[in-house]
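**Q** For reference, the chains in residue letters:
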Amino acid sequence: MNGEHGLRTKASSSRRGFGFHDQRTAYRLIFPTLIVIAAVNFYPLFKGIKESFYSYSFIRPWEYAFIGFGNYIRAFQNHEFWSSLWISILWTIGGVILSYVLGLIPAVLLDKPFRGRGIYRTILMIPWIVPPVVSSMTWRWMFSDLDGYINVTLSSLGLISEPIYWLSDTRLALLACIIANVWRTYPFFMVNMLSALSGIPDEVYEAASVDGASKWQTFWYVTFPVILPVTVVSTLLQSIWIFNNFDIIYALTGGGPAERTTTLIIRAYREAFYYLEFGQGAAIAVISMVMMLILGMYYLRLQARTEM
Amino acid sequence: MKNKTFSKVFWKIVKHAVLLLFVAFTLIPVLWMLSTSFKPKTELYTNLSLIPTRFDFSSYAHVWRETDFPLWFRNSAVISLSSTGLSLVIGSLAAYSLSRFRYRGRNLFGQVLLIIQMFPGILLVIPMFLIMSKINLLDTRLGVIITYLAFGLPTATWMLKGYFDTIPRELEEAAMIDGCSTISAFGRIVLPISGPGITSVAIFTLLLSWNEFLYAFIFLKSSSNYTLTLGLVSFMDQFSNQWDNLMTAATLITLPVLFFFLLLQKYFTRGLIAGATKG
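Top line first, the protein sequences correspond to chains A and B.
If you're matching positions, the first sequence starts at 1 in my numbering and goes up one per residue.
If you're matching positions, the second sequence starts at 309 in my numbering and goes up one per residue.
Hint data in this document are derived by calculation from the structure and do not stem from the laboratory.
Note that beta-carbon positions come from the ideal geometry of N, C-alpha and C, so glycine has one too.
Among these hints, one or two may not hold up.
[To be verified] Rough simulated footprint, nothing fancy, chain A against chain B, three-plus residues with beta-carbon under 8 Å: (1) 449-460; (2) 497-505.
[To be verified] Label-pair distances were calculated between CB atoms; the ranges are: (3) B:Pro-504 with A:Asp-147: 42 to 50 Å; (4) A:Asn-78 with B:Arg-373: 47 to 55 Å; (5) B:Ala-482 with A:Ser-198: 47 to 55 Å; (6) B:Phe-333 with A:Gly-118: 15 to 23 Å; (7) B:Asp-376 with A:Gly-254: 20 to 28 Å; (8) A:Asn-78 with B:His-324: 47 to 55 Å; (9) A:Tyr-64 with B:Arg-373: 46 to 54 Å; (10) B:Ile-443 with A:Val-232: 40 to 48 Å; (11) B:Ser-315 with A:Phe-76: 55 to 63 Å; (12) A:Tyr-221 with B:Lys-312: 19 to 27 Å; (13) B:His-324 with A:Arg-171: 48 to 56 Å; (14) B:Ile-359 with A:Phe-224: 38 to 46 Å; (15) B:Ser-366 with A:Phe-58: 37 to 45 Å; (16) B:Pro-504 with A:Leu-34: 52 to 60 Å.
Work out the full structure: start from the sequences and follow the hints.
**A** Have a look at this one:
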């Protein structure tokens, strides 16, 4: 709201069309951005929605025709769609919860200054800058059956006698993908929690300790309420990003084994660019977007309370 | 008294032990990647050490001299720099407008910028593929530069708006009383003092473009046009399980980012704060 305040200074209120009151300048400044966003975001978006109502196969282009909700009905009738939806949900919720917890722990430990704090912080942020494809490739090598780091270490410690088939066992592949993804996303939570925690003055902690609060009570009654808004916002954003993620799973398992890691996003890709059924692929992508828009609207409402 | 110091020391040990576990979880994959790239072929499957004992550069020589890797490096640099540059130039104008002016549609525009970042990439890439093939930009670097604006521009605009909001407007208003126009107040007063803000936005947008995979994967077909991330995935087919070459390529892609991260960490951190942008 500090913007509103500036409007009432003497310089700008003297005359209409002067300075920050000049509406035409304001529109002129956003015009180039509007044009580009219309061309690269909204035109493809509307075209994508349109194609989702058409029978549009690259192999049979002559069959191009409006079929209403045909692609959607076909998706909903396909049990593979529902299993992908379920995998998407597990992938998202599992990833968000794990990376939230893994982000919160170091954030709480790194809140107060101590020797070495900066080094810990720097190191723990590294996964976030590593290109997702690189981290997938490295985890793929880590998870490798006979010679990967994890299995070789486990067996040299005598913990396993047979290799664990992380990426080819249908029960483990999704878990392996989630682990690789959590490695990459937990720094996001750590950094955001740290910046929220730094807003709590030391006096509050001192007061709590004078009142005889235990460490756990202090966390639950002092710290947690303060970081709750950041928790909600960052969880929401990260859920959307994880749900929409393509790179990690594609480079790690390609959606296999037996489609056990085929999320809706991977399925949309496969329909469009493997089976060349653009209409069907677009329909699945639109369904994904609608689900994310529901979360997105909630995010905007939270955002509107703090911004603008 | 004695009890108190004991519990202090105890908590200190617990704290460092937990943090070291996190360091291990974080660094093992990175060190495994690095050490694999340096290990001689004979030790690849026998030596488990995370810190290379001997440095063998033969896989570096192989990846750099006998594949298209240097070309991909150049492509990635050209594509990320161009799309980031365009995003900054176009986006800074809109960001200034959002930060300083009050007008009809302003809130809506701001919300559009945020909501755009929630579209799944796959939703845009399907129609974008059809559009690009119609205007003959498929398999060109220009096509990829343009599509990267789809995430670069909203990100840059929104982050820059946040930065301009922190600059007090009194200076510009004083300049405007002296007859300076809004545009020149922006160019002469705001831009010159926005160095740190623009740097962090530029770094963040560069990082997003450098790391991008999906658009490049769908649009680029000939190896000479590949970006690094796409090249790395194509190595997967080419080298199947030659992990020394794969990890060498992975290291070479990560090193520039890692270098700048260690050098300019505080600028990176800003892009990671929630609400700002895409991760």
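**Q** Now tell me, hint by hint, if it's right for this structure.
**A** How the hints compare with the structure:
1. Look at the stretch 449-460 of chain B against chain A: 4 of its residues bring a Cβ nearer than 8 Å to a Cβ of that chain, three or more, so the hint holds.
2. With a cut-off of 8 Å between beta carbons, the stretch 497-505 of chain B has 0 residues touching chain A; three or more are needed, and the interface restraint is violated.
3. The hint said 42 to 50 Å for the Cβ distance between Pro-504 (chain B) and Asp-147 (chain A), and at roughly 46 Å that hint holds.
4. At about 48 Å, the CB distance of Asn-78 (chain A) to Arg-373 (chain B) agrees with the hint of 47 to 55 Å.
5. Separated by about 34 Å at the C-beta atoms, Ala-482 (chain B) and Ser-198 (chain A) break the suggested range of 47 to 55 Å.
6. Checked against the hint of 15 to 23 Å, the C-beta distance between Phe-333 (chain B) and Gly-118 (chain A) comes to roughly 19 Å, which is consistent with it.
7. Checked against the hint of 20 to 28 Å, the pair Asp-376 (chain B) and Gly-254 (chain A) passes, with Cβ atoms roughly 23 Å apart.
8. Between Asn-78 (chain A) and His-324 (chain B) the beta carbons are some 52 Å apart, a value that agrees with the proposed interval 47 to 55 Å.
9. Hint check: Tyr-64 (chain A) to Arg-373 (chain B), Cβ distance near 48 Å, so the stated range 46 to 54 Å holds.
10. Range check, Ile-443 (chain B) to Val-232 (chain A): about 42 Å between beta-carbon atoms, so the 40 to 48 Å window is met.
11. Hint check: Ser-315 (chain B) to Phe-76 (chain A), Cβ distance near 59 Å, so the stated range 55 to 63 Å holds.
12. Checking the proposed 19 to 27 Å range against Tyr-221 (chain A) and Lys-312 (chain B) shows it holds: the Cβ atoms sit about 23 Å from each other.
13. As the Cβ distance of His-324 (chain B) to Arg-171 (chain A) is approximately 36 Å, the hint placing it in 48 to 56 Å is violated.
14. At roughly 39 Å, the beta-carbon separation of Ile-359 (chain B) and Phe-224 (chain A) lies within the given 38 to 46 Å, and the hint holds.
15. Distance hint check for Ser-366 (chain B) and Phe-58 (chain A): the Cβ-Cβ separation is about 43 Å, which falls inside the suggested range of 37 to 45 Å.
16. For Pro-504 (chain B) and Leu-34 (chain A), the hinted distance range of 52 to 60 Å is not satisfied, since their beta carbons lie about 27 Å from each other.
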